[in-house]
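Could you build all of it, start to finish, from the sequences and the hints given here?
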Amino acid sequence: MTDKDFDLSRRSFIDRVLMATAGAGMAAAAPWASAAVGAAPVAKGDRVRLGVIGTGDRGRGLIQNIAKTRNCTVAAICDNFELHLAKGRALVDASTRAFTDHRAMLDAGGLDAVVIATPLDLHKQQSFDAFDAGLHVWCEKAMARTIDDCGAMVKKSQDSGKVLQIGHQRMFKPTYLNAVRRAKEGEIGSLTQIRASWHRQSSWRRPVPAGATDRQINWRLYRDSSAGLMTELATHQIQVSNLFFDAVPTRVMGSGSICFWKDGREVYDHVALIYEYAGGRKLIYTSLLNNARYGCEEQIQGSKGTIEPELGRIYKELPPKELALLRMQADVASGKKRAVPIGGATWFAELPVTTPGEPLGWGEYDETMLQFEGFGEAVRTGKPLPGLLSQAYHASVASLLGEQAMDSGQILAWPTSLVAI
Amino acid sequence: MADVVRFASMGTRVELHRFGAGDDDALTAAQRAIEAVDDALTIHRPSATTALNERLMAGQGAAIDDALLFEALVTIEELHASTLGLFDPAADRRFASAGWSAIAFDRNSARIEVSMPVALDFGGFGKGFALDRACAVLREKGVVSACLSAGESSIAVVGEHPLGGGWPFAIAHPLRPDEILVEIELTDESVSISSTVGAGANAPERAAMIRPTDASIVSAPRCTVAVDRLGAHAEAMSTALLVADEDQAERLLNGDRTRRFLFDFPRGAAILDQSARMSFND
Ligand SMILES: NC(=O)c1ccc[n+]([C@@H]2O[C@H](COP(=O)([O-])OP(=O)(O)OC[C@H]3O[C@@H](n4cnc5c(N)ncnc54)[C@H](O)[C@@H]3O)[C@@H](O)[C@H]2O)c1
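The listed protein sequences correspond, in order, to chains A and B. Here my numbering is used: the first residue of the first sequence is 41, the next is one more, and so on. Here my numbering is used: the first residue of the second sequence is 41, the next is one more, and so on.
Careful: at least some of the hints might be erroneous.
Cβ pair distances, simulated, as ranges [as the list claims (entries may be wrong)]: (1) Thr90(B) / Cys336(A): 35 to 41 Å; (2) Ala287(A) / Asp218(B): 35 to 41 Å; (3) Asp43(B) / Ala318(A): 41 to 47 Å; (4) Ala318(A) / Gly182(B): 29 to 35 Å.
Quick look at which bits of chain B chain A covers, simulated, 3 or more residues with Cβ under 8 Å [said to hold, decoys possible]: (5) 186–198; (6) 205–218; (7) 293–307.
In case anyone wonders, no lab produced these hints; they're calculated from the structure. All values derive from a computational prediction rather than experimental measurement. Just so you know, even glycine gets a beta-carbon here, dropped at the ideal spot from N, CA and C.
If you want it as structure tokens, here you go:
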């Protein structure tokens, strides 16, 4: 893509976010998005200086997105695994400093904020260290390994007066924002159920390169460092559910098992949960690793229609055509008049609707870039993007509460002791 | 040239087919008219009717502020009288004494008083009433030929068939779908079909038929058909015929033998049909 093409698609992306977030309802529902698109471009020398901790898969993706922003720059990178650090180096200027210890990077100074893309169990300590160094923090989802640690991160950012932003890119994605707007405007009626799934056909196990341990590379599969499907995948979709329902769950129940990949992993490869929301509304969630037929989707089910944001489609609850009346139409068109049969065995089986629906509109572009422009603006003004942190906090809490519900076999109520945002 | 709108309303699938003349927005306006009736008369989500029912169930009187609900009540009062009291949207299987007779509706003050707790369920009447309003809108918008259906049990036509003459309909035997019970022709009229058996009887929008005289559920296999200028009237008549005893049925049918029909079926047939449906639905 040329620079001019990039500017054009950037412009149209931003326009779409603006269109999706226009209107009073949306300003209240997704205030962070309109704030992020308003970020002012900044001259190269004045950009927000980020130190990226963790140049693994995600960290490297983030580095590339940061490079596209108009207000942030990667000033340092850090990874304690040399192979990954080298891959990170390949993406930045030769002058960008590289560290194997994040504390050394913080001590070296010259940063405004850190970006944390390390295994889940490290997020809390690394963000604490950054706050203590007087920096702002952008951290990948999920927030932390325990509900208490999630709250501690929120509290620490509040106490230090520094921005904490969590990576939930769907909250900046035009299709999602547009879907929320259309749902708010009542297009699919009152929402009573969301069915979400993330189904994959993969062991989720990564090959371990020389010089690394299995636990280091496959941290997702072990309980010390991850809640598995819950923190890695479900967080995104629970956040979407909270956003559409405009609420947090009241209770959660669930069942988890290591059902297929009996390879020494400690986290469930099969989870099924019900999150209840006030008024009897539900999120029904499943995630598994041995069948990809239904993939990743959230089905937002209302009394008048369904939105499937990952597919970018909206379906109206349109009744199937009355065959007898269809035939009447054809008869009239061909100048024939015959009796229209009514009643009888025209009751229809309750099969899924297979109509293709309509596109929700608006294709792909990298919303991760917008997350960082929003973060850059937040760091420059010292004001977090409104509404964003509570979304992320509640999504992380809900995913960890789901893990506890599955582990204990109990129905668990939403915690009452969360940090207020 | 024909155009069609299809949508879900009144707990069923609604189709409006317009042929030839009329304003561009005629079908949309007719759809809105039906949705407005649904909004006012539904008991499946908060509405003017559920608000009224809350008071009536508490044994309290209420003022009727909603214009559509008021008009529906006026019509119902007339229809209750003209069907020997057999059409009764306040009938309740729990209390034989509940029913329209427990209601005093004063049109002039637009107030309802009750002598005991009752609740209104407009059921099929609502569909006929809604189709009547949609037909009126279509006529206002210059439509001269249209066919409207609210599920398979409620059909209304505006004007003549696009090829001239009446609109022919063949009403199928509810248990033996290949057989025709009766053929009718409609011009500016509505038809309502009620049945205690067959697929339609179990359709989700269908409440069990309650005989107002003793609050029992009518279970004898029967299908009734009523044609009228107005859909609301056709609905009330087909309902009344369904719950009528032999003598009442004779009296009602005698009112118009060419537009009211009643078919009783042997009991065994219905039982067979029910079991056949079980596997289909579960
Ligand atoms: N938002 C999203 O869509 C998305 C997608 C993928 C991953 N993620 C998140 O990104 C984070 C990282 O995931 P990943 O897939 O990149 O994992 P990864 O294992 O590929 O990368 C993690 C990196 O952190 C490094 N690391 C470990 N300990 C460190 C330490 N003490 N100091 C410095 N570096 C250290 C590892 O060497 C590795 O390079 C996780 O929180 C994950 O949930 C988010």
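Hints, one by one, checked against the model:
no., hint, result
1, Thr90(B) / Cys336(A): 35 to 41 Å, "39 Å, holds"
2, Ala287(A) / Asp218(B): 35 to 41 Å, "52 Å, violated"
3, Asp43(B) / Ala318(A): 41 to 47 Å, "42 Å, holds"
4, Ala318(A) / Gly182(B): 29 to 35 Å, "48 Å, violated"
5, 186–198, "holds (count 5)"
6, 205–218, "holds (count 11)"
7, 293–307, "violated (count 0)"
Violated hints, in rising order: 2, 4 and 7; the structure is consistent with all others.
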